[in-house]
Amino acid sequence: MKISVIGAALSGIAAAELAHRKGHDVFVSEAKSAEAASDAHARLGQHAIACEFGGHTDRVYDADLIVVSPGVPPSHAVRVEAERRGIELIGELEYASRQLTNPIIAITGTNGKTTTTALTAYILQQSGRDAVAAGNIGTPLSALVDAITPQTVIVAECSSYQLDTITSFRPHVSMILNITPDHLSYHGTFSQYVESKWKIASNQQANDIVILNADDPAVAPAASAVRSSVRFFSTTREVDGAFIRGGEIVLRDQQHTEEILMSLRRLGLPGVHNAANSMAATLAARAFEVRNENIRDSLMSFSGVEHRLENVRIHKGARFVNDSKATNVNATWYALSSYDRPIVWIAGGRGDSNNYAELDGLVAANVKSIVCIGEEAEAIFNHWCTTKRCVKAETMEDAIRIASEMALADDVVLFSPACKSFDMFANYEERGRAFKRLVAAL
Numbered sequence: 001m002k003i004s005v006i007g008a009a010l011s012g013i014a015a016a017e018l019a020h021r022k023g024h025d026v027f028v029s030e031a032k033s034a035e036a037a038s039d040a041h042a043r044l045g046q047h048a049i050a051c052e053f054g055g056h057t058d059r060v061y062d063a064d065l066i067v068v069s070p071g072v073p074p075s076h077a078v079r080v081e082a083e084r085r086g087i088e089l090i091g092e093l094e095y096a097s098r099q100l101t102n103p104i105i106a107i108t109g110t111n112g113k114t115t116t117t118a119l120t121a122y123i124l125q126q127s128g129r130d131a132v133a134a135g136n137i138g139t140p141l142s143a144l145v146d147a148i149t150p151q152t153v154i155v156a157e158c159s160s161y162q163l164d165t166i167t168s169f170r171p172h173v174s175m176i177l178n179i180t181p182d183h184l185s186y187h188g189t190f191s192q193y194v195e196s197k198w199k200i201a202s203n204q205q206a207n208d209i210v211i212l213n214a215d216d217p218a219v220a221p222a223a224s225a226v227r228s229s230v231r232f233f234s235t236t237r238e239v240d241g242a243f244i245r246g247g248e249i250v251l252r253d254q255q256h257t258e259e260i261l262m263s264l265r266r267l268g269l270p271g272v273h274n275a276a277n278s279m280a281a282t283l284a285a286r287a288f289e290v291r292n293e294n295i296r297d298s299l300m301s302f303s304g305v306e307h308r309l310e311n312v313r314i315h316k317g318a319r320f321v322n323d324s325k326a327t328n329v330n331a332t333w334y335a336l337s338s339y340d341r342p343i344v345w346i347a348g349g350r351g352d353s354n355n356y357a358e359l360d361g362l363v364a365a366n367v368k369s370i371v372c373i374g375e376e377a378e379a380i381f382n383h384w385c386t387t388k389r390c391v392k393a394e395t396m397e398d399a400i401r402i403a404s405e406m407a408l409a410d411d412v413v414l415f416s417p418a419c420k421s422f423d424m425f426a427n428y429e430e431r432g433r434a435f436k437r438l439v440a441a442l
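For reference, each letter of the sequence shown is one residue, going 1 to 442 in our numbering.
Simulated from the structure, these hints should not be mistaken for lab results.
It is possible that part of the hints are untrue.
Unchecked claim - FRET-style restraints, in silico, Cβ to Cβ: (1) D146 with A409: 37 to 43 Å; (2) D253 with G55: 54 to 60 Å; (3) A48 with M300: 47 to 53 Å; (4) K388 with E289: 19 to 25 Å; (5) R266 with C385: 38 to 44 Å; (6) L264 with T395: 35 to 41 Å; (7) E375 with I260: 44 to 50 Å; (8) E248 with A379: 37 to 43 Å; (9) A426 with G268: 26 to 32 Å; (10) R265 with H24: 51 to 57 Å; (11) G128 with R266: 20 to 26 Å; (12) E248 with G55: 56 to 62 Å; (13) A379 with Q151: 48 to 54 Å.
Unchecked claim - Straight-line Cα separation of at most 20 Å, EDC-like style, residue types lysine to aspartate or glutamate; simulated pairs: (14) K368 with E378; (15) K368 with D340; (16) K199 with E306; (17) K2 with D130.
Virtual Cβ for every residue (Gly too), placed ideally from N, Cα, C.
Sequences and hints are given; from them, build the entire structure.
Structure follows, in structure tokens:
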């Protein structure tokens with residue numbers, strides 16, 4: 001086959017290398033210049049894969065199949081022209097899944113999917129199962145083809161971008177954690193964003209399982225639209241699946257038999273949102289017949305993922321926490337609700353129609369002062385400056401210095417931006433590592 005790959009970031013390179021390994025005629029097209037994407041240019045050169053940088057020419061349409069990287073929106077010229085010409089166009093997730101026979105647990109949601117993906121893989125691994133976390137969490141599925149055993153369980157974090165371009169992707173277990181407005185510049189409307197999330201279960205059959213958040217009004221209705229068996233989790237009411245009663249996680253099967261799994265106090269991760277994530281991961285593990293004691297031990301020992309409520313250090317009695325992955329207001333809502341100590345909050349970056357009023361209650365109750373950074377610094381300052389001590393900082397280094405001076409012993413200095421990173425950093429990972437490096441230097 002002739003295969004064109006659009007985008008030479010992590011997933012695009014992985015798809016191109018997979019197609020090359022399979023003996024296809026591969027062409028990669030990247031909008032960035034070769035200088036700006038020098039690592040990708042060098043990697044493609046090592047395999048002698050044909051490529052172009054600095055824009056997309058008509059050569060991309062000399063193909064039987066076009067594989068687009070996540071983030072190439074439906075309105076992109078390549079996608080529009082490929083549709084006009086009748087060329088099949090799919091994403092890297094779909095392309096890789098067509099060449100995998102492994103059992104797959106697929107996880108999506110606006111927030112919490114990275115933590116839940118890592119936690120689910122951890123539970124399986126701790127129980128003795130061969131499992132790997134992949135997808136949007138860092139390792140493209142294309143990189144797993146021919147590199148893992150057929151028995152390896154793939155726990156795949158799936159973004160709305162990836163799900164938008166699936167056609168036959170069928171996980172044995174799928175999961176939708178929550179859906180709040182995000183990435184609307186890509187999807188156009190909230191309803192289209194919801195539709196992309198629901199697609200995670202669109203190809204499942206009766207012997208598959210979908211795990212849904214019963215508390216989320218955009219998630220729960222998916223139960224009536226799927227063919228798979230439904231399991232719910234809830235932090236507010238009793239459901240068939242997993243719920244909380246009297247401070248304990250209770251599991252209820254479809255025959256209404258109940259088991260107490262563990263006390264919430266014994267969970268390794270703080271916050272009610274992590275209780276929800278833990279219940280979702282538990283239901284996925286139970287689908288693979290992992291025993292309760294293995295699940296319980298794993299939930300107690302799991303310490304989280306980088307850039308998500310990550311404890312960095314204690315400095316002069318104050319705890320510094322890196323939550324750089326909080327790229328939207330809803331993610332920061334969870335972070336601000338996770339601590340019972342005064343918070344010095346560092347926030348800001350590039351906004352995405354942010355509605356800061358959604359945080360007013362938590363800020364009033366839990367935040368003592370705010371350090372504002374990035375393009376949204378003025379908006380954040382103006383929103384809270386009449387009710388909280390607010391200071392604007394020009395750089396991350398200034399923000400950390402100011403927050404350190406504000407914080408008292410037993411306070412939490414929480415870097416939870418509620419914004420995208422692209423005004424100051426390449427991505428949230430680079431932003432989080434910069435925060436950690438500067439905190440370490442205090």
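Checked hints:
no. : hint                       : verdict
1   : D146 with A409: 37 to 43 Å : violated (54 Å)
2   : D253 with G55: 54 to 60 Å  : holds (55 Å)
3   : A48 with M300: 47 to 53 Å  : holds (50 Å)
4   : K388 with E289: 19 to 25 Å : violated (50 Å)
5   : R266 with C385: 38 to 44 Å : holds (40 Å)
6   : L264 with T395: 35 to 41 Å : holds (39 Å)
7   : E375 with I260: 44 to 50 Å : holds (48 Å)
8   : E248 with A379: 37 to 43 Å : holds (41 Å)
9   : A426 with G268: 26 to 32 Å : holds (30 Å)
10  : R265 with H24: 51 to 57 Å  : holds (54 Å)
11  : G128 with R266: 20 to 26 Å : holds (22 Å)
12  : E248 with G55: 56 to 62 Å  : holds (58 Å)
13  : A379 with Q151: 48 to 54 Å : holds (51 Å)
14  : K368 with E378             : holds (18 Å)
15  : K368 with D340             : holds (12 Å)
16  : K199 with E306             : violated (28 Å)
17  : K2 with D130               : violated (34 Å)
Of the numbered hints listed earlier, those contradicted by the structure are 1, 4, 16 and 17.
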